[in-house]
Amino acid sequence: MTTVEARPVADVTRAEVEDFLFHEAALLDDWRLEEWIELFTLDCTYEVPATDAPDADPGLTWSLIHDRRTMLEQRIIRLKKPAAHAEFPHSQTSRIIGNVRITERRADALLVEANFIVSRMKAGKFDQYVGRHHYELLPAADGFLIRRKKSVLAHDRLDPQGKISFVL
Amino acid sequence: MTTVEARPVADVTRAEVEDFLFHEAALLDDWRLEEWIELFTLDCTYEVPATDAPDADPGLTWSLIHDRRTMLEQRIIRLKKPAAHAEFPHSQTSRIIGNVRITERRADALLVEANFIVSRMKAGKFDQYVGRHHYELLPAADGFLIRRKKSVLAHDRLDPQGKISFVL
Amino acid sequence: MTTVEARPVADVTRAEVEDFLFHEAALLDDWRLEEWIELFTLDCTYEVPATDAPDADPGLTWSLIHDRRTMLEQRIIRLKKPAAHAEFPHSQTSRIIGNVRITERRADALLVEANFIVSRMKAGKFDQYVGRHHYELLPAADGFLIRRKKSVLAHDRLDPQGKISFVL
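Those protein sequences? They're chains A, B and C, same order as listed.
Using our numbering, the letters of the first sequence correspond one by one to residues 1 to 168.
Using our numbering, the letters of the second sequence correspond one by one to residues 1 to 168.
Using our numbering, the letters of the third sequence correspond one by one to residues 1 to 168.
Any given hint might turn out to be false.
No copy labels: a pair is met if it fits in one copy or bridges any two.
[Said to hold, decoys possible] Straight-line Cα separation of at most 25 Å, SDA-like style, residue types lysine to any residue; simulated pairs:
hint, residue 1, residue 2
1, K125, T51
2, K150, R120
3, K125, F166
4, K80, D55
No lab work stands behind these hints: they were computed from the structure.
If you're wondering where the values come from, they're calculated on a predicted model, not measured in any experiment.
Looking at chain A on its own, in the form it has when it is part of the complex (with noise of 0.2 Å):
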């Protein structure tokens, strides 16, 4: 949980960045949600802009998703509560994760973009959600943390009900 940097940024490779991204998203495939937490650090944020303003502040605008840590660990709580939401028994996904980038070494910090399609299957109807994450790894003992994610959706329009009712 704590950010200690255990390896200087300049030695992180892309080999490493996708071992984790792939970990990442094996853990989302499976719905393993309270490990997925514990890869984020305590002052993390995690976004879904709206498709038709990716770009825009969080703060002033509407976005899908706009979590810090307490907030996303709730979210985690009622995606897994049996009663009370739309994702129980909650629909198959899989995920692919290609395209991986460091696009800048900070001091403590890499910023990675990756691009992903997420299939998700829920009786019978087969979705697909495509677009780039934007992340900001700190490396870590083992791996790395994630202080921000950023997922921007491509598509222009989301279906009818307009949410998404998991974590991409």
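Model the placement of chains B and C on the given structure of chain A, informed by the hints.
Relative to the frame of chain A, chains B and C by itself:
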């Protein structure tokens, strides 16, 4: 064909495994099925569990595919036969193998997981099959041999026919 | 722009090729087409064969695209022009480049194949184009230059218009 272990399991990198899996996918995309089957050991199994019971014991429950080597060879012969099969003229397929992870290193074998999207086009119809491959791989002189391949579809149901007429 | 060979072909790794192809895909996803065209040599060709004749000689048969450098530059100008084109406002696209394989190392160039999924969203309509890129790449001081790019769609037919209004 022999399972000579040419390299220690401990030295294998994810990049080497990807080289092999990308080669396998290209053989399948190109319908070079006789070469594909040579990637397997003589004691291999290839399994596609039914979509409602991915973790079931294939000896006790129904699977979409559960082949040992001889059955797999006969499946290939059927798939290539002009007269008798739904796959002639065969569909066009294009595979993405992503999120490759070495999940366990045993004494003589590697366990590997990878997500897939198989896009299939036939007579203007575009379908996708998504899910996760589970491999048991033996290091060989040139690449690997597959002792077990289990392809778990993430679909909660398949289209009306409820069957797949090609190899994932 | 010059094709100075800065590194021997024999030393190039798949990881380096991926870095380059992921960069190319990001330029296309971001519609930075003027930068994209600078990735090509002056004697380049870019080809998208008709879907019913992927192996045909492009000089003798119809192709969806078969551009030399000057035509490619004019295609880019058309794609960016507000008034005249089906792509303004342009569609949103998100590319996955996967299964990258170095298939041949020549004296001065690499042959590379990679599978693609291009997801395209426009006015609420979601389409995907899948297939295989075939590249001839020249090692350059920083990355590579593309001498030939041929994008073979795996579709047996395209949608009603039978044309693609953007670059794969």
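Going through the hints against the structure:
Taking the shortest alpha-carbon separations for K125 and T51, both the intra-copy value of 22 Å and the inter-copy value of 14 Å come in at or below 25 Å. In this assembly of identical chains, the alpha carbons of K150 and R120 lie at most 25 Å apart whether taken from the same copy (20 Å) or from different copies (20 Å). Taking the shortest Cα distances, K125 and F166 sit within 25 Å of each other both inside one copy (15 Å) and across copies (22 Å). For a Cα distance limit of 25 Å, the shortest separation of K80 from D55 across copies, 21 Å, qualifies, whereas the shortest one inside one copy, 30 Å, does not.
Consistency with the previously given hints is maintained throughout, with no hint failing.
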